[in-house]
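Protein chains in written order, with my numbering: chain A, 70 to 442; chain B, 70 to 442; chain C, 70 to 442; chain D, 70 to 442.
Accuracy of the hints is not assured; some may be wrong.
Remember, identical chains collapse to one label, so a pair may be satisfied in a single copy or spanning two.
SDA-like cross-link-like pairs, simulated, lysine to any residue; straight-line CA separation at most 20 angstroms [unchecked claim]: (1) Lys158 x Phe384; (2) Lys122 x Pro327; (3) Lys228 x Pro195; (4) Lys122 x Arg277; (5) Lys122 x Glu235; (6) Lys228 x Arg315; (7) Lys158 x Ala234; (8) Lys228 x Arg422; (9) Lys122 x Leu197.
These are computed hints drawn from the structure, not numbers from a lab.
Protein chains: 4
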Amino acid sequence: MVVQSMPDASPTKWHLAHTTWFFDRFVLQPLGLPAQRPAYDYLFNSYYDAVGKRHPRSARGLLTRPSTDEVFSYRSEVDARLADLEGSKPSLRAGLAAGLELGLHHEEQHQELIVTDIKHLFGENPLLPAYDTEVAARFSRSRARPATLTWHADAGGIKEMGHAAEPEFAFDNECPRHKVYLAPFAMASRLVTCGEYLAFMREGGYVRPELWLSEGFAWAQANGKHAPRYWLQEPSAEACQASEPRVFTLQGAQAFDPDSPVLHVSYYEADAYARWASARLPTEAEWESAANHVDQAFGVAWQWTQSAYAPFPGFRPLGGAFGEYNGKFMVSQIVLRGSSCATPEGHSRVTYRNFFPPSAEWQFTGIRLARDA
Amino acid sequence: MVVQSMPDASPTKWHLAHTTWFFDRFVLQPLGLPAQRPAYDYLFNSYYDAVGKRHPRSARGLLTRPSTDEVFSYRSEVDARLADLEGSKPSLRAGLAAGLELGLHHEEQHQELIVTDIKHLFGENPLLPAYDTEVAARFSRSRARPATLTWHADAGGIKEMGHAAEPEFAFDNECPRHKVYLAPFAMASRLVTCGEYLAFMREGGYVRPELWLSEGFAWAQANGKHAPRYWLQEPSAEACQASEPRVFTLQGAQAFDPDSPVLHVSYYEADAYARWASARLPTEAEWESAANHVDQAFGVAWQWTQSAYAPFPGFRPLGGAFGEYNGKFMVSQIVLRGSSCATPEGHSRVTYRNFFPPSAEWQFTGIRLARDA
Amino acid sequence: MVVQSMPDASPTKWHLAHTTWFFDRFVLQPLGLPAQRPAYDYLFNSYYDAVGKRHPRSARGLLTRPSTDEVFSYRSEVDARLADLEGSKPSLRAGLAAGLELGLHHEEQHQELIVTDIKHLFGENPLLPAYDTEVAARFSRSRARPATLTWHADAGGIKEMGHAAEPEFAFDNECPRHKVYLAPFAMASRLVTCGEYLAFMREGGYVRPELWLSEGFAWAQANGKHAPRYWLQEPSAEACQASEPRVFTLQGAQAFDPDSPVLHVSYYEADAYARWASARLPTEAEWESAANHVDQAFGVAWQWTQSAYAPFPGFRPLGGAFGEYNGKFMVSQIVLRGSSCATPEGHSRVTYRNFFPPSAEWQFTGIRLARDA
Amino acid sequence: MVVQSMPDASPTKWHLAHTTWFFDRFVLQPLGLPAQRPAYDYLFNSYYDAVGKRHPRSARGLLTRPSTDEVFSYRSEVDARLADLEGSKPSLRAGLAAGLELGLHHEEQHQELIVTDIKHLFGENPLLPAYDTEVAARFSRSRARPATLTWHADAGGIKEMGHAAEPEFAFDNECPRHKVYLAPFAMASRLVTCGEYLAFMREGGYVRPELWLSEGFAWAQANGKHAPRYWLQEPSAEACQASEPRVFTLQGAQAFDPDSPVLHVSYYEADAYARWASARLPTEAEWESAANHVDQAFGVAWQWTQSAYAPFPGFRPLGGAFGEYNGKFMVSQIVLRGSSCATPEGHSRVTYRNFFPPSAEWQFTGIRLARDA
């Protein structure tokens, strides 16, 4: 629970401390409850400049103190203090609701990150250890055999997208609901499978620059990429031709399943695959328009769109530190839509905007194709 | 003409050889004229994978051979061979037109780069040398005193943007013409001035993270930024408060001119300035819609939009190597619109899409504000 | 026990597994006892090319598996198997002696590294945690008040240095015993104290290039050095003038003790201090010649010599994998002599040659001066 | 004359300006002659902290101004001012002698660097251009067929080494003359040839870690080394087996000459070759003792010793800025002895100590073997 496998990933203990601190700092302290562990503002602040300086992200794994026991104690204390508020005056409770709700959604995001970060850590270990089998089964690749890929036609025109007003929760970056104009297009009925992706590889997918964005091909060359992350292969391209790779999962190394959706691809790989398949990635507006008409929209893999992460017209960030939650990351990132097998129940919705840099592979990311009508 | 001051810039000699090679390789050789200097396919290919391997971009400054004289000879030869085609059969000449036209527009782009790259090189020299005065005056900052900034209101709705069919030339990335839906907005009547930007600096612009994108603030910190590139200042923030900086130009160091447009800002800086000014950067669709109604749209500074560089709906790259001209760069870059003081006459148009990474500063880039209606 | 704070340091668990593996691989397996955990040849091999490929040094902290419990089990198994050999035939036991003896000395070296690596890890934690107080007291800085520094004169001439033949143990790099010629010199009677080092700092020690080796000054500038590692200071030079720093120790942050020996200085700092003090560092031959005539030769701090780590005349590395133990590191390192407060009892001797790169700070390194007669 | 091919190399124009500045700053100005180009103290100071801040070494190639013509003018001016001093008072002339003599030896060192730096620059050019043929012939590899390698025996004992008192010139690092004790040894009668080195390569020299220092093997792997710099080979190890490589020289690419001495090897390669040949590199004391008894001591290739660059016992650097000439580099460098084909006439002597980091390849460096008696 203590080790950090790369700057983008965090130790489980840190996730636990940080989500707890989020309630402490943004729910309890604004009510006048004193900060009992002031050093935690430094240690467990992720990126809130409004709170102040913080421990460097890449050094989270050096925090062998506070111990895991101490962090669980902190959790219990904050839980207890939040519970104490239940009996408090209704006016106070009303003021709590927004912070609590955001805190819970925030924690759900970190629940998913805990899964992806453990997978990354285990994937760096030559022993390829398995995570607890029962839990890991939830994130298993095996799904029912996919139906034949068909294309859902969307006539386009003026559409509304984004989150409308309350009562349902949404992050600020999903707002406001607004109009867009879409040209007619078609959306794939399901995600790309491992078998389909292997065909791309066997046709030289990773060595044909004409299939790639220039930055993507440079990324693939610089990182010696010739398969998705967690595919276990002999290093030679020849070996790739001859046999199917094994795949590292949270249950350890597993046999290749051609029917399961390909996972852990970067934007660059998704884009190159789409070009090879004479298709393209959808825009996020197209995705949102068609999501209710296709399979595997949620609960399997985050789906790379071709849309850079940008503010919706009329976007207004939340006030105070919460304004840093989403808005300040709106450059150099790509929007992903849907949700993955690691997303907590109830955390998926059609307007949800996930975002990662185009080189990110350690999330449960997959490919859904689109094409012009 | 030989030195390369950074990987993104090229020596003048290289620009000359490369644009000449473009005609040789893509106009003459397809007609069956033999390649007379086959090594140039390696040395002076910029990024065309379809042509083959090439000299690393960052090592262009190591090519002290071929000499400048040899490159001029090459230029004369190619010019002569192109002139010889004039008297050839009409059918042949027709086939030439597309390549020639693209080659000329390509060369105009490099003419601008020669100016920006020389400015960068001279800017790295502690002597701050002046370029040829007569030529440099064309790129002078001094313009007439700007009118008061006003806001042009645009009612939005469904708009058409992008390049329509021929006969006028456009790059493939400007096509096809297509519909977009715009919410009502307002566009600034002119560019931001140096004086306005200095006010931003004096209110702590570079040290207030709440004004910046997260990536932008990290960039500013990592690079010790506290003013636009080419502003010459004492390194202390206090000095910035006390006096006006001098500015390095192609005529050498010059006195600060508060009325001239601020130049050489990165996207990060443009975005932070806009937030400080309670405004935002325009989208490229907004810019195109309003360009004919505002001042300084062309010929002063490229204007950062908030739009990531992406394909227009229905975009189809050109065939063959020309397909690599624009399409393969459509990630991690920001669109700039308009044109600059270094843009050749006749190379500006309302649909033109320039693009650079958000950290680029050495182009003549400026800031035009927009805001929601 | 799992976290790695920098590439040069290793997790405690790794040290335990590696020293155990050393007995397994180099004592038990050569006797024909089967390798029971073949993966450990990859995971816990430090640098023995003769054994084969190995886990990258900088990634030792990613090995959350095998667990600490498993490593302790491994330890118990190997201990038991070694104990079983006691009753075996005398001829067999004789063959064991050399490997066992080397393995024990090897383990003592790692015992010291465990202390230095934990100190480094804790020193990276903003909480500055204390190690177990009772144990840490052994490594306390507090010693009796040092006597006045005097100079031990050595008349030089032909001397013998290095380890002679058996029966006492020595590493191969201490052999053979050989003659050197020394000019007359004088050696300081004790180590440099924190108070003396603070005087160097207050006279601008870290900002006067004339006191430093060129590489050392560049190192100090690049790393923002203005005090020894583990001295806790305000970042401004002014603060350094005004008050004494606190010092991080294995017992946590402690008050400054001017009488205790300065610890955790790099070679560059030791060399600069010596130049400031109108002295120099001793050669290793001088150190060995004078060691029995001065105080604090052992058990306080490793003492930087001015000698690069090189083979003694006639040096022959051990055969097989043991030949990699010392010989292959004989470049770009500096010899340190003596031993430190973290060195296990019985591991010190006058011919012992420790070696680290000149930038190393995390060992218990100190300064002993010498000067020409 | 303007381009810099790597941080360690300098443009020819810079060498010319720097050596001229050396006379200006250290001979003329101390006489009270005014500095006529004060900016040159910043631009053309190499590493003299006593003079002040200076242009970064790695950015010397960005100085397209002052132009080459201006630098030649500067040269003429300084030459004229020095000539003017000839007729001056004898007392003044006496004061000049030391600075002038050092300046001339300094310039001879840069004359050699001009040759090595041009070779490096040309070697980075895919065209592999030839330098002026007549001049380059002086640095040709072709020498008379080497005699059979024999071993010169040296009985060792107490020896004197280093430079004695005047009248002959020597750098401060060659002083004082002092005694050392040498064990008996033998020195190879000539340098290692290309043919001998090729045999090392064909026996797997670059892929057998047991032949290398650990740092050397890591260097070879990280840099993809499988031959000396300037040997032109197909990248595969197989190709190396099948045919002889061509070699880049100042006359362009040349056929492989097995009899010529191997050049441009790093210390790591020299050390690995020696181990393969069951020999070792000499110490600098051994080299100096035997130099007058072997062939190719001077004028062919600098010869790596196994000695780190360190002060001789009793070493005292020169006063003032000249004290920075040699002493501050005495760490992390290896001594080379002899001289090379690029060393100016009259610049060689038996006590001369050249020094470079162990990874340096662009100097004319070769291998002379030694072994224990």
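Do the hints match the structure? See the list:
1. Lys158 x Phe384: Neither: 34 angstroms inside a chain and 59 angstroms across chains, both beyond 20 angstroms.
2. Lys122 x Pro327: Answer is neither: 48 angstroms inside a copy and 33 angstroms across each miss the 20 angstroms cutoff.
3. Lys228 x Pro195: neither (49 angstroms within a copy, 52 angstroms between copies)
4. Lys122 x Arg277: Cα proximity of Lys122 and Arg277: across copies only (13 angstroms, versus 45 angstroms in one copy).
5. Lys122 x Glu235: Answer is neither; intra-copy 34 angstroms and inter-copy 56 angstroms both fail.
6. Lys228 x Arg315: Result: close neither inside a copy nor across copies, 43 angstroms intra and 51 angstroms inter.
7. Lys158 x Ala234: neither (27 angstroms within a copy, 68 angstroms between copies)
8. Lys228 x Arg422: within (17 angstroms within a copy, 26 angstroms between copies)
9. Lys122 x Leu197: between (37 angstroms within a copy, 17 angstroms between copies)
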